[in-house]
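Take these sequences, add in the hints, and give me the full structure.
These are the residues of each chain, in order.
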Amino acid sequence: MQFLLDSFHKAFLLLLHLDSEVFQIVWLSITVSFWSTIFSASVGLPVGALLALKDFKGKSVILLLLNTTMAAPTVVIGLFCYVLLSRVGPLGSLGLLFTPSGMVFGLFILATPIAANLTVAAIESLDKRLMLTCELLGASPAQQFWLVIKEARFAVMAAVVIAFGRIISELGIAMMLGGNIRGFTRTMTTAIALETSKGEFELGLALGFVLMAVALFINGLLFLVQKERS
Amino acid sequence: MTGSASAIQGQSLTKIYGSGNAEVTGMEDVTFSLSIGEVVALLGPSGSGKSTLLTIMGLINAPTSGKLLIGEALVTDGPVAKVNLRVYRRKFIGYVLQKTNLIPFLTAVENVQLALEINDIPCRAARNRAMELLESLDVVHRSGNLPYMLSGGEQQRVAIARALANKPMLVLADEPTAALDSVRGRQVMELFRTVAREYGATVMVATHDHRSLDIFDRILEMEDGRLVSQKQANKDSPIGQD
Ligand SMILES: Nc1ncnc2c1ncn2[C@@H]1O[C@H](COP(=O)(O)OP(=O)(O)O)[C@@H](O)[C@H]1O
Ligand SMILES: [Mg+2]
Chain A
119 MQFLLDSFHK AFLLLLHLDS EVFQIVWLSI TVSFWSTIFS ASVGLPVGAL
169 LALKDFKGKS VILLLLNTTM AAPTVVIGLF CYVLLSRVGP LGSLGLLFTP
219 SGMVFGLFIL ATPIAANLTV AAIESLDKRL MLTCELLGAS PAQQFWLVIK
269 EARFAVMAAV VIAFGRIISE LGIAMMLGGN IRGFTRTMTT AIALETSKGE
319 FELGLALGFV LMAVALFING LLFLVQKERS
Chain B
56 MTGSASAIQG QSLTKIYGSG NAEVTGMEDV TFSLSIGEVV ALLGPSGSGK
106 STLLTIMGLI NAPTSGKLLI GEALVTDGPV AKVNLRVYRR KFIGYVLQKT
156 NLIPFLTAVE NVQLALEIND IPCRAARNRA MELLESLDVV HRSGNLPYML
206 SGGEQQRVAI ARALANKPML VLADEPTAAL DSVRGRQVME LFRTVAREYG
256 ATVMVATHDH RSLDIFDRIL EMEDGRLVSQ KQANKDSPIG QD
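Protein chains in written order, with my numbering: chain A, 119 to 348; chain B, 56 to 297.
Everything labelled a hint here was simulated from the structure, so no lab data went into it. Given the structure is predicted, the values throughout are model-derived calculations rather than measurements. Among the hints, erroneous ones may be present.
Unchecked claim - Computed spacing ranges between beta-carbons, pair by pair:
| id | chain 1 | residue 1 | chain 2 | residue 2 | range |
| --- | --- | --- | --- | --- | --- |
| 1 | A | Gly317 | B | Phe160 | 51 to 61 Å |
| 2 | A | Pro164 | B | Asp279 | 38 to 48 Å |
| 3 | A | Asp173 | B | Phe160 | 22 to 32 Å |
| 4 | B | Asp193 | A | Thr149 | 55 to 65 Å |
| 5 | A | Leu334 | B | Ala136 | 49 to 59 Å |
| 6 | B | Pro159 | A | Phe121 | 56 to 66 Å |
| 7 | A | Gly213 | B | Val142 | 41 to 51 Å |
| 8 | B | Asp84 | A | Pro164 | 42 to 52 Å |
Even glycine gets a Cβ: it sits at the ideal position worked out from N, Cα and C.
The structure is reproduced here in structure tokens:
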């Protein structure tokens with residue numbers, strides 16, 4: 119018991135003193151998650167809009183694929199990306215394995231289907247009059263896309279926030295593609311896993327508190343978005 | 056004013072909704088020609104095919120068979136589009152739907168502006184034109200309100216403003232005065248007359264409103280999906296003349 123209390127105490131001290139290792143890990147997690155979210159959103163949103171608005175051959179196959187990816191464990195996604203990025207893999211020459219960019223790649227694969235799927239749901243729940251008006255006025259596909267995103271903006275914002283939350287809290291991809299290299303690819307989740315396995319709790323706990331704070335922040339944001347909508 | 060050049064013609068237009076046992080004939084073998092600048096009423100009981108004809112003329116629905124020509128151009132041959140319908144809708148057609156369909160998150164003036172901006176009119180010019188139109192339709196005091204705050208009649212007038220925004224050569228309106236009192240209904244019909252006079256728009260209005268028939272050049276009547284009569288309107292009426 120005393121040991122646990124000690125760990126909590128030390129964890130708080132780490133946070134309080136803005137310990138440089140803690141700070142570096144948090145900062146890497148946030149930047150990697152930020153870029154992964156940006157890339158996922160810039161592909162997932164248009165793809166979701168396209169899937170919701172257009173009928174074409176193979177659409178149901180794509181939807182099935184997206185749903186499957188959404189349900190896949192992150193270690194499996196990590197594994198596939200590892201094979202792609204490894205030196206003998208098709209993208210091996212890029213040298214991305216065990217770098218932050220490699221993690222961004224894997225997290226992008228993880229979150230793009232989430233962003234796309236949630237966008238499909240957001241647009242499909244929209245008032246049909248909007249689409250009819252676009253047709254009536256002869257809006258171009260690009261104009262139609264912007265109008266639809268504008269109307270669905272709250273749900274789309276929620277999709278982006280949810281994608282960010284998923285990215286920052288996952289472990290498998292960051293571990294397999296980043297390699298948990300100290301000072302280079304160590305993120306909050308990989309650090310927690312490692313420290314805990316070593317039986318040293320204070321750094322893990324400190325990072326755990328930060329992650330909880332991030333989760334709180336994200337859910338607060340979602341709450342505000344929901345409130346704004348109604 | 057009603058010249059001989061044809062603005063739009065239909066040749067044996069037929070529309071069948073659904074298929075198999077669920078087939079419903081929307082209209083059958085409809086042939087007509089409207090001249091440039093002509094203002095035409097479309098009468099007929101509910102279910103007679105007025106909306107069907109208008110949506111086909113407005114390139115919203117494809118005919119099952121028959122040809123549609125706008126100006127000299129063959130636009131659809133049966134269900135096959137011969138031109139880019141979206142571009143035609145954008146550039147040449149102003150449509151007022153039977154049910155108003157304003158975009159719920161845009162204000163009245165933004166709804167009108169949108170039609171202009173889709174046609175690449177710069178924002179400032181679009182705003183001025185939109186305000187002018189709302190003014191002429193007596194809803195300018197509602198320009199900053201969202202659609203749900205407007206009465207049915209006000210929404211309808213905003214929708215009419217939107218349809219007229221780009222000075223379309225072809226104005227199609229499906230019972231546009233149904234939600235309006237008789238004075239406002241009259242105003243709207245006269246506005247259609249005005250756009251025909253001002254820039255030669257061709258106008259077709261489906262209506263039940265017999266009080267305003269005097270403003271039309273010609274009256275078409277439908278029954279059971281067929282065009283059953285085409286009468287030249289009484290040319291002695293004071294407003295029917297240009
Ligand atoms: N989308 C549709 N699907 C099936 N039947 C339709 C559809 N629209 C109209 N109809 C049918 O076509 C006929 C003509 O309808 P409509 O053109 O709406 O007449 P009006 O506008 O004169 O009331 C009616 O029998 C109607 O039930
Ligand atoms: Mg009708």
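Consistency of the hints with the structure:
The given range of 51 to 61 Å is respected by Gly317(A) and Phe160(B), whose C-beta atoms sit roughly 55 Å from each other. Separated by about 47 Å at the C-beta atoms, Pro164(A) and Asp279(B) satisfy the suggested range of 38 to 48 Å. Distance hint check: the CB atoms of Asp173(A) and Phe160(B) are about 25 Å apart, consistent with the given range 22 to 32 Å. A hinted range of 55 to 65 Å holds for the C-beta pair Asp193(B) and Thr149(A), which are about 56 Å apart.
A hinted range of 49 to 59 Å holds for the C-beta pair Leu334(A) and Ala136(B), which are about 54 Å apart. In this structure the hint that Pro159(B) and Phe121(A) lie 56 to 66 Å apart at CB holds, the actual value being about 60 Å. The supplied range of 41 to 51 Å is met by Gly213(A) and Val142(B), whose beta-carbon atoms lie about 48 Å from each other. In this structure the supplied range 42 to 52 Å holds for Asp84(B) paired with Pro164(A), their Cβ-Cβ distance being about 45 Å.
In the structure shown, no violation is registered for any of the earlier numbered hints.
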